[in-house]
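S.K.: Residue numbers (the numbering used here), protein chains in the order written: chain A, 17 to 364; chain B, 17 to 364.
It is possible that part of the hints are untrue.
Pairs count within a copy or across copies, as identical chains cannot be separated in the list.
Under the rule of at most 27 Å between Cα atoms (straight-line distance), these lysine-lysine pairs were calculated in the DSSO-like manner [to be verified]: (1) K206 to K59; (2) K154 to K340; (3) K18 to K206; (4) K52 to K154; (5) K153 to K88.
What the hints contain is simulated information worked out from the structure, not anything from laboratory work.
There are 2 protein chains.
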Amino acid sequence: MKRHHTKEIAIGQIRIGGRNPVAVQSMTNTDTRDTKSTIAQIKKLAAAGCEIVRVAVPDETAAKAIGKIKAKISIPLVADIHFNYNLALTALANGVDKIRLNPGNIGSAKNTGAVVAACKERNVPIRIGVNIGSLEKKIETRYGRTAQAMVESALYHIGILEKLNFHNIVISLKASDVPRTIEAYAMLAKAVDYPLHIGITEAGTPKSGIIKSAVGLGTLLYQGIGDTIRVSLTADPVEEVRVAWEILKALNLRQHGVNLISCPTCGRTEIDLIGLARRVEKYLAGSHKPITVAVMGCVVNGPGEAKEADIGLAGGRNRATIFKRGRAIKTVPAELAFDELIKEINRL
Amino acid sequence: MKRHHTKEIAIGQIRIGGRNPVAVQSMTNTDTRDTKSTIAQIKKLAAAGCEIVRVAVPDETAAKAIGKIKAKISIPLVADIHFNYNLALTALANGVDKIRLNPGNIGSAKNTGAVVAACKERNVPIRIGVNIGSLEKKIETRYGRTAQAMVESALYHIGILEKLNFHNIVISLKASDVPRTIEAYAMLAKAVDYPLHIGITEAGTPKSGIIKSAVGLGTLLYQGIGDTIRVSLTADPVEEVRVAWEILKALNLRQHGVNLISCPTCGRTEIDLIGLARRVEKYLAGSHKPITVAVMGCVVNGPGEAKEADIGLAGGRNRATIFKRGRAIKTVPAELAFDELIKEINRL
């Protein structure tokens with residue numbers, strides 16, 4: 017995995033692009049004007065590991081609420097704005113850390129100039145967010161709903177900002193179709209070196225949406241593409257953050273809590289492995305220890321995988337052997353396996 | 017996505033490799049000797065879309081049970097065998113469709129010769145299953161627990177079979193570490209043209225295991241690697257099959273039931289989208305219609321995505337517009353949205 021080179025930019029106190037870790041982003045689904053609910057949700061998101069949060073800004077009241085929200089949260093805040101440049105100016109005046117806005121969609125060159133000037137003054141980046149569901153008519157007519165069309169749309173908006181000598185840019189290209197999304201980002205990564213915010217949009221409910229996002233974002237990250245990620249789910253956004261971290265952990269890009277390995281069980285399994293793995297997972301859910309724990313059912317692959325973990329357990333007939341960093345340290349009756357494993361984890 | 021070329025082989029009535037669709041595989045976690053439970057689980061797996069099923073064969077009773085199981089199921093059956101070549105011979109005599117066995121691990125050249133002769137006679141393929149947890153000592157000492165070591169181990173076992181002029185081979189290279197697994201398959205795909213069975217082993221409980229598998233298998237499939245897939249989860253194997261299908265659907269490699277697109281909701285959403293999407297998902301769960309349904313919350317990207325689906329819905333303030341293959345066909349009050357959407361889906 018070789019990372020695609022992008023320039024570094026700052027979003028509040030967070031830096032993305034360059035050699036910075038891939039950042040986890042989410043979006044509130046509260047009414048932004050309801051600052052109490054919005055602040056509460058952002059705090060829950062931050063506690064789950066969200067590093068950048070976006071809020072919808074549909075009107076002036078929402079734009080003004082940003083100051084109040086910013087005062088109560090500790091992670092950078094992004095304003096999601098469509099069509100109305102005045103909302104961007106209000107959000108900026110209220111201390112927003114990043115604006116998501118497509119400069120070609122806010123009316124006139126004068127409007128764009130005003131937003132860009134305010135962003136420059138405050139060192140606030142603009143994310144250009146291309147979505148296949150809302151391409152410019154002209155581009156869609158020429159290229160269809162293709163990866164190429166998304167890239168052309170991004171280049172159009174980038175061009176507007178570059179003409180104003182503004183380069184504090186992040187770009188996203190979203191579609192619900194996974195291969196088209198991957199193709200679009202790969203094309204754009206060859207054309208520009210701005211940081212890329214990656215996501216599969218309208219991925220759906222958790223049952224299928226988690227999988228679509230993991231396939232799409234995983235494939236892009238493995239290609240070294242992606243500086244911030246967002247998992248979009250029709251669900252509580254806290255779940256988006258959990259899934260984003262699992263994707264980053266699966267590729268060893270970031271560490272976040274425990275990495276639990278457990279086998280699928282089969283006709284060889286002689287202990288209650290599903291129950292044991294669930295208990296271990298539940299116990300470790302809140303842990304921030306960056307360790308790998310293996311819970312394995314049998315003697316075929318069990319000891320090998322268990323040995324590679326910081327702490328591992330391999331089941332046998334009514335008993336389990338516990339491994340610590342490659343060495344078997346004890347064999348205990350099955351009914352003591354959970355307690356003994358936890359004891360060893362807590363000793364680390 | 018250009019598919020890596022592999023030779024075609026037959027597993028019972030199913031063909032894999034070449035231009036055949038990527039097949040979905042799973043493994044029972046019942047005691048194979050308990051034929052009643054094993055048959056019942058295989059029927060549930062087949063109903064969920066499992067196309068090839070593997071059972072553990074730890075002893076002669078299990079090997080003999082294969083005849084009884086085969087008589088009651090309609091999908092090809094694979095016997096998972098370790099160390100004991102007699103179990104392979106019994107499984108073959110009982111009509112098994114594929115053997116998962118590493119020829120270097122069954123004692124002697126004579127033993128391997130006997131298994132290969134029986135496989136040739138019945139046109140039964142052998143899957144060489146390399147697992148990083150059980151590498152040959154010599155290979156692990158030389159290469160460590162690396163992707164290269166897994167490939168060397170596979171080539172060692174392949175060599176044994178090729179010397180016996182046996183080429184009816186499938187290969188898997190499994191590790192719980194996702195990047196190492198991807199790297200190993202990519203290396204092996206350059207070296208051989210046998211069909212590849214791909215999986216992330218010991219992926220863990222559904223919460224993280226689904227994501228590890230989707231990232232790993234998705235990345236490989238996007239590179240054109242993989243002729244059969246197995247998702248390993250510490251859970252009911254029916255869930256493995258569901259996840260495998262979602263991965264294949266995410267990359268447009270196979271169609272299986274409805275593709276549901278829905279947006280993540282945000283501060284712009286003015287209808288109960290999470291509830292609506294869940295109801296639609298639940299209603300369509302058993303459906304085999306190969307259609308795309310979009311359930312979208314707002315006017316920014318909603319109509320665009322909804323238009324691309326076979327049937328789509330875009331919410332607004334207390335109302336929803338229904339789209340059919342690109343055309344808005346009606347706008348209804350929010351409380352009728354579910355019924356009207358389902359009515360249109362059933363009309364397709």
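S.K.: If a hint holds in the structure, say so; if it doesn't, say that too.
M.R.: Hint by hint, here is what the structure shows:
| no. | hint | result |
| --- | --- | --- |
| 1 | K206 to K59 | neither (37 Å within a copy, 48 Å between copies) |
| 2 | K154 to K340 | between (62 Å within a copy, 23 Å between copies) |
| 3 | K18 to K206 | both (14 Å within a copy, 20 Å between copies) |
| 4 | K52 to K154 | neither (42 Å within a copy, 63 Å between copies) |
| 5 | K153 to K88 | neither (41 Å within a copy, 57 Å between copies) |
In the structure shown, a violation is registered for the earlier hints numbered 1, 4 and 5, in ascending order.
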